[in-house]
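A.B. asks: Protein chains in written order, with my numbering: chain D, 205 to 606; chain B, 205 to 606.
One thing to keep in mind: the hints can contain errors.
Same chains, same label: a pair holds when it works inside one copy or across any pair of copies.
Said to hold, decoys possible - Capping the alpha-carbon separation at 25 Å, the derived lysine-lysine pairs in DSS-like fashion look like this: (1) 335 - 420; (2) 542 - 524; (3) 523 - 261; (4) 542 - 261.
If you're looking for bench data, these hints aren't it; they were derived computationally from the structure. This one's a predicted model, so the numbers in the text were calculated from it and none came from an experiment.
The primary structure of each chain is shown beneath.
2 protein chains.
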Amino acid sequence: MPKKIKKINSSRRNFLAGSATVAGAAAAATVLPISIASANHTDKGARGLPSWTGWKKRSALIIHSDKGMETHRAAIGNSVITPLRHVYIRNNMPTMSDAQIGNRNKWKLKVEGVKNPKTYTLAQLKQLAQKTEATILQCSGNGRGFFGHKPRGSQWETGAAACLIWTGCPVSAIIKDCGGLASGAKFLTATGADMPKQLNPKKALVERSIPIKAQKDAFVAWEVNGVNIPNSHGGPLRMVTPGYFGINNVKHVGKLAFTAKESSVKYMKSSYRISPIGKKGSQYPSCWEMPVKSWIVSPLKSAKSGNVVVSGVAMGGTKKVSNIKVSVDGGKSWKKAKFTGPDMGKFAWRRFVFETKLKPGNYKIVSKASAGGKSQPKLRMENRRGYAHNGWLDHGVDIKVS
Amino acid sequence: MPKKIKKINSSRRNFLAGSATVAGAAAAATVLPISIASANHTDKGARGLPSWTGWKKRSALIIHSDKGMETHRAAIGNSVITPLRHVYIRNNMPTMSDAQIGNRNKWKLKVEGVKNPKTYTLAQLKQLAQKTEATILQCSGNGRGFFGHKPRGSQWETGAAACLIWTGCPVSAIIKDCGGLASGAKFLTATGADMPKQLNPKKALVERSIPIKAQKDAFVAWEVNGVNIPNSHGGPLRMVTPGYFGINNVKHVGKLAFTAKESSVKYMKSSYRISPIGKKGSQYPSCWEMPVKSWIVSPLKSAKSGNVVVSGVAMGGTKKVSNIKVSVDGGKSWKKAKFTGPDMGKFAWRRFVFETKLKPGNYKIVSKASAGGKSQPKLRMENRRGYAHNGWLDHGVDIKVS
């Protein structure tokens, strides 16, 4: 590894030096010009993608910004699992490069808030325990583009969401291996190793706390859809918090801590809070568990009269999705649709199809899912930043049948 | 489309002209030099892959020939579904090109042996009915490389197999739409449209018959792992016969016929027959239903002493895999392993893990699956062409623990 780049690596991870550096090495003092740290975000390739996501399929994506790329509604496919080249990107920090990451098997995860704190290498985690699970990754702001007050942030419609299969080490196995939780642990707090050193951790450190009960499902993953997690999706090691919004699935995870309090960084304290329009603060609910939601994937604009197969996806958040209904008249009358394809567990979405006959005309097709006794509401819950939209009306599609 | 290439397309499909061409157009009389028809098979790119599979991940594959590429044992990943770029290739005919295929939605499927024979476009099939299902694609000769008598053909070990998610139209919906089966239908016979015209259909036509009972699970698919089926995997439309060996999943499918007899082409009559060494003929069983099988995926060569996570895949063919055992002493003693990850239905494979502690030394790790009351045998069933190998001993791995 070139010496200069090695310094970037150590430098990046220095935010964890409060107790010990993740890399286990003293940080270099060099302050890097921001242009170096973020170079991989601004260097767009010939296909209109930033070079660090050059492996993505351009035609499957809507580019909102150099850190925000949405999957076209039609590009999630019908195969339950979203193809990796189609999966959305939403980054708070620049993606770490191969050079910054170094040997993936030597990536370190520090564990605190347990009886016997330890630091694991990725190779050690692979030999501790393994689980494979399908989960939905969904940005808290997915659906923001439907809000009337145009909240700040990427104007996602449906495509800041994907259903993926991960393999990693269960957090419960790590806790057990570390002798159990320290007393007073109320939160599972995960910290990303991706913040460039010159930034202020209070403002830029991606550190997220979730209720300790979530540890039973959570895991740290090194594989997604059968391959090593790409850097742009937070490899070599990413926190996976089934049923919780994307931000809690911390990328490039370097530390897990079982803490008495929520983290005090901006991304926990003030960002990702569901507050009324015009208000903000840590007293409002954090973007944690995802609500029940569904949307139509096909058709999107037109169809030929006669047999029409309407298809879509439905998810239950942390609950199993139990029921899906479709309306072709904008919600005046509803019929039950059927789930199709494999049931990959409550944290995955289900595909649904609704076979119907339509005469020429205009239709508003909407879908409404239920899970854990709750159904999607008709309208969005208005909130300052446009988070957690699961209203069925906005997610409908207007179709011309000819 | 260039006129010359359009001719290739019509020419290719002319074998179906007995009743009507699939493309619905009279075939051009031009006889093509074989070098044009097979050009896409011999033109190897810089990465050592034939250009028509240039999108594959070279490092995931073992190249046996220009029509046979195997997935490395380690490259199927832990995510149940095999990444498409890692999936094996086994072709009897050259892959059709985009130009030969033309507009994918206009691809035609002729249906015979029903009360009201019809020809569907792919667009029509998409609007008739849809199902999504995970199935295993496995070459009949997977495991041939373990046979002692070195049968002719690619010397596959474990990697001519993949677990994939398909979306398509159920054959049962097509039968219903065509008014039901004609009387006397005993086989579902599917015909590929990929044979270059200058070849003799009796010798080169890929046409496969399977027992009519298989129609209830079978479907014609246009999507795999969330994307249009790539040409090299038989797009735009491929027969999917859950639980049946790969050859029955006819690529570039142009005709479905419900027939009283099995097809008389070579690929049905004499190839893919499980006959004793030194014997051949249509009196021997065809490669239809796959038997129960499993193999170790990790570790493959070495491990560090202490905790070792052994992982692998197990499949039941047409039956649900019910049980998986692992032995670290070459089959002297067995312990139950646990399934992990989503259960995607009986036609998919299950991932299994076996967490153990190993001291330094040499180990032979083997796995043995059960399904439908049957377990894998210890030894392979010797046969002329090395088909249907599911013996557990040959599939074991020798590991050095240090």
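A.B. asks: Against this structure, judge whether each hint is valid.
C.D. replies: Here's how the hints hold up against the structure:
1. 335 - 420: Within one copy only: 12 Å inside, 33 Å across.
2. 542 - 524: Answer is both; intra-copy 15 Å and inter-copy 23 Å each pass.
3. 523 - 261: neither (32 Å within a copy, 37 Å between copies)
4. 542 - 261: Neither way: residue 542 and residue 261 sit 30 Å apart in one copy and 36 Å across, limit 25 Å.
Taken one by one, the earlier hints fail for this structure at numbers 3 and 4, listed in ascending order.
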